[in-house]
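Chemist: Chains as they are written, first to last, in the working numbering: chain H, 39 to 213; chain V, -16 to 154; chain X, 32 to 692.
Stretch-level coverage of chain H by chain V, calculated; a stretch enters the list once three of its residues show a Cβ under 8 angstroms from a Cβ in chain V: (1) 67 to 73; (2) 168 to 174.
Part of the chain X face toward chain H, derived, beta carbon under 8 angstroms: (3) Leu308; (4) Ser326; (5) Val328; (6) Leu329; (7) Gly342; (8) Leu346; (9) Gly354; (10) Leu357; (11) Leu358; (12) Ala364; (13) Met401; (14) Leu404; (15) Asp407; (16) Ala408.
Bear in mind the hints are in silico, worked out from the structure with no lab data behind them.
Idealized CB from N, CA, C, for every residue including glycine.
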Amino acid sequence: MKLKLLIPLGAFLLLAVFLFIGLGLNPREVPSPLIDKPAPPFKLAKLDQPAESLSRDDMKGKVWLLNVWASWCVACRQEHPLLVELSKQKVVPIIGLDYKDQRPDAINWLAKFGDPYDLSVSDMDGRVGIDYGVYGVPETFVIDKNGMIRFKQIGPVTPEVLRERILPLVKELQK
Amino acid sequence: MRRILFTCALAASLHGAALGQAASPPPAQAAPAAGRQAAPLAEDPALEERVMRLAEELRCLVCQNQTIADSHAGLAEDLKQQIREQLRAGRSDAQVLDYMVERYGDFVLYRPPVKTTTMLLWAGPFVLLAVGAITFAVVLRRRRPHAVPFDEAEHRRAQALLAEETPEIRT
Amino acid sequence: MIGEVGHFALIIALMIALVQGVLPLVGAQRNITTWMNLAQPAAQGQALFVVIAYVCLTVAFVQNDFSLLVVAQQSNTSLPLAYRIAGVWGGHEGSMLLWMLMLCGWSVAVSAFSRRLPQEFVARVLGVMGLVSVGFLAFLLFTSNPFERLLPAAAEGRDLNPLLQDPGMVIHPPMLYMGYVGFSVAFAFALAALLSGRLDASWSRWSRPWTIAAWSFLTAGIAIGSWWAYYELGWGGWWFWDPVENASFLPWLIGTALIHSLAATEKRGVFRSWTVLLAISAFALSLLGTFLVRSGVLTSVHAFATDPKRGIFILGFLVIVIGGSLLLFALRAPKVGLGGAFSAISRESMLLANNVLFAVACASVLLGTMYPLILDALQLGKISVGPPYFERVFVPLMAPAVFLMGIGPLARWRGSQVPELAKSLRWALLASVLGAAVSLLSGGSLLGSLGILLAVWVVATTLALLAEKTRNVSGSFVQRVSSLPRRVTRAEAGMLLAHFGVGVFIFGVTMVKTWEAQNDVRMEPGDVATLGGYAFRFDSAAEFNGPNYIGLRANVVLSKDGKELAVMQPEKRMYKAQGMPMTEAAIRTRLGGDVYVSLGEMVSETAWAVRLQIKPFVDWIWGGAALMALGGLLAATDRRYRLARREERAAIAGRVPAGSA
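Take the sequences, apply the hints, and build the full model.
Modeler: If you want it as structure tokens, here you go:
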């Protein structure tokens, strides 16, 4: 049997291996190119006190979570109790980025479902969201003391992700 | 002669008909018979064309199966607005695309970038074509008909057959 | 009750399929006649029960039986009847049952139309098809049961996806599946040939009509899908190089190589291994397409709801069937170098070049489609491969193939003299260059002019071939033309029609891409916009109630040179059950092109965003494809495939030895 006749079989098996690996991957997930890069700067009005603002540099020196949320976002309600719980433990400051929302709606939503945020800022037109590569709400970033993004969670934070990825990382960065 | 005329007519007529139907240059501003002239949707149609051309190169991340040119999703509209502002500010096409890639990664480009990881992708078809061409050449060489020379006896018989008035029918 | 009957019928079908898949193959191997003779009845029996199951599911849909999960997911009481029937294949489970129905259809056809073939061979062919049936029936019963119950039954269904509530939806999947499944016949023939060691010219002659028929259906299916996307999706595009579109295109490309390779194998006994490999690959790619759409591995607008269990099953099936076939190929493929010799310029060499080009094109599209997955699997990042890549890669590969398509049919088997060929082709070449020149002079792009060159070349070479056929006929032009039917066989006529269709197709694509125009305007009642010599006046917009949607219809008056031509009515619809908004474009179709109007969003209280488009010759794209499919069907029904049966009958009737008629 000539060896070259085995080439089609070999090529096919190689393809099958990739397809098999592919079954475990999520083709819709877009990894962030901002990991291990500086968090994009922003200066946004606070949700509670619109006259005041918060900028990225205000958070330098601390490890913090940036959670992108909105009152119109249904999936956010899934992760919200988890965040409220987390905020009670006072492990890490959580800053909310209220994305493309209306102020009254946002304030009502927090009043209704709880406010885990040290504070929230309003990204009315979504510009800051674009800078952070936000494409679906909710999304959560872990940012270190030097203002570098270390982790991005796409979609609601689950107990597993919180327990296995976010909290250990926060602990590590806080040392 | 007939054939020349026919083929010329064929080529030309196809084209004539085509041009009769084809679009004229950019949307005319001439006043039509009746009614108010509709304003173009975009403020600056020329800029908008550039925006759309760039938008067609970018994937909408929300629906993921459309370009941001075709998508009506919120993020798509926001990104188109970004492109518009950047082009207006004088940035080049390449700079706008870089801006998008910085934030969303290579996934957002429908035309895969040329880098080491995509070398196989861009070079692949050429390599395959080269392999195909070599295979083609090899097969041709192997299949080339060899003229088998007749020996003396066969030569004489062939001549005899050709000389006969009525060919023999073999039974 | 209906659900249980259907479910039971599928189980029986599986058992019969097991018989069909195992016994005839063993029987052929061991020469057990009774087992070999089981092949046809088993195929027919299996078909009967699959038909019963399919009818049960259809009845459940028509009667709005929401206690069946798939009916609750895909249907709705206010869904019109036609779409309730078509909704059977709207979801994954039902579409797999449609696949099975098609597979049974082809199996029965093979069992009915192969009486003149040796039983041993037919047993093997049906046996292989039986094994494929086993795989699909098992897949249905174990992972995708269409008769799964929803208890308690839903009060109302979720409705068929509005995008699918359309006549195109009714035809596209069945056509496509006819093609995909039809390649299983070519596959079965190839495996039967490998198993029996009988790879002579007769194998290819028997296989040809089936393969061409499958190819024709696939051509039609892909074309209808493209046309449907064009008028349904609302923005005038017709091909997006979307992974699932590519998945249907890959078997088509290999199928095209296959039907051409079969011609060479039949006529001259060359390329035998290559043809067998192509036959296996065509079906492999059909299966791969099925996998890609249903496994969630690639992101696509076409993808069905995904489930990893299904993905694993299909992948396993793929590995067993294709891996097994390719292994068999490696072990049993005929020694290369069989068949006659041929020179560098000959029909064989043209067909070989065609094979190479189509195979490379297919491999390139496969590479582009799979590449994001490959990189992601190797953790090298995530990229997208879209139309810019495919167009850059595909067109340069196809252009030479199209050029050769003009020369091939004129070249002789074994060898052609270049001067002779050149003489036959010079007018075609002249016409093509002229066409390209006219295009350039009219402002067409370089690429567009190349397209015109190729389109004219194809048409002109087709005519040149017809001229060649009637060269020895004396008399006037009319006499020569009327002698054609006698001098051209159906197979040749089919080929010419199909090739002509390619020319029409290329012309349509080139003209649309070069000359299409678009105008996005904001319109209030009374506004007029212009595009391409036409004037569009926005008259009014009003809401109305559809059967299962609330619609908004605008009236746009189309006129040219002051004369009113039509009232175009683009719509926006909100389908009540799923709350999904849809845009229905208004299209005015003429031979010379389409005028396309679609409604965007309301930009103010009274004004709408309206997109106007002119698409010159766009319907020639699908017209060309239709001609290709028709040509294929014509070729598949050529007399000589039926000749043997007539000879048989004559032999029995008059005791005349076969072949001396």
